[in-house]
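Trainee: Starting from the given sequences, assemble the full structure and let the hints guide the process.
Quick note: the sequence shown uses our numbering, first residue 2, plus one each step.
What the hints contain is simulated information worked out from the structure, not anything from laboratory work. This list has only true hints and no planted wrong ones.
Label pairs and their in silico Cβ distance ranges:
hint, residue 1, residue 2, range
1, V91, V126, 22 to 30 Å
2, S36, N207, 31 to 39 Å
3, G7, P117, 36 to 44 Å
4, I158, S92, 20 to 28 Å
5, V123, I79, 38 to 46 Å
6, T94, V15, 15 to 23 Å
Just so we're clear, the structure is a prediction, and the values are computed from it rather than from any experiment. From the three backbone atoms N, C-alpha and C, an ideal C-beta is built for every residue, glycine too.
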Amino acid sequence: MAKKLGFLAVSSFVVSNMVGTGVFTSLGFQLDSVSNGWAVLLLWVVGGVLALCGALVYGELGSVMPRSGGEYHYLSVIYHPSLGFLSGWVSLTVGFTAPIALASMALGEYVHHVFPFISPVVMAVGVLTLVSVLHSFTIHLGGKVQTGITFFNLCLILFFIVAGLFFSSHTPLLAEEIKKLSWHDVLAPSFAVSLIYVSYAYSGWN
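Mentor: Okay, structure coming up:
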């Protein structure tokens with residue numbers, strides 16, 4: 002049996018890597034510093050465009066240099082192997098490890114609020130260990146597990162959207178409560194800071 006993943010599994014890895022804790026946890030920080038709703042929507046549009054540009058660049062690099070290795074291979078060929086080596090170690094110790102730890106911690110906190118008798122640390126370590134064990138058996142099992150997790154994440158986001166549309170309060174808003182988007186909102190320092198949170202939420206496209 003060939004040790005390779007299909008299109009669905011690979012797409013699930015990328016989607017699940019992007020639709021992680023950022024989209025669920027960073028919005029509160031954005032709304033805390035950016036009070037204009039249109040500015041918050043613009044944040045996600047700008048972040049999405051930046052992520053799309055990066056993905057298109059990586060797609061071109063992958064077509065020109067069709068080898069495994071990602072950033073390590075690209076930087077090694079374009080610049081110097083030492084930069085590729087450094088990029089690989091930074092990705093291993095920070096780029097991949099930190100988001101995984103943060104996702105596990107966020108899951109532990111969410112579960113703890115629903116089931117107070119479950120320790121967030123125990124939950125985080127347990128889920129991380131379980132996922133690691135499942136991925137260690139066969140590559141096809143790992144792909145199926147990842148596809149299922151991705152499907153659950155997308156369904157959860159869809160549920161939030163539907164719930165907001167059909168089960169929200171019907172209290173009418175006054176016209177003066179809806180602020181128009183202005184350049185002051187876009188050029189404010191809080192907009193740039195919130196864009197960092199959005200960029201984190203979109204991270205994983207590479």
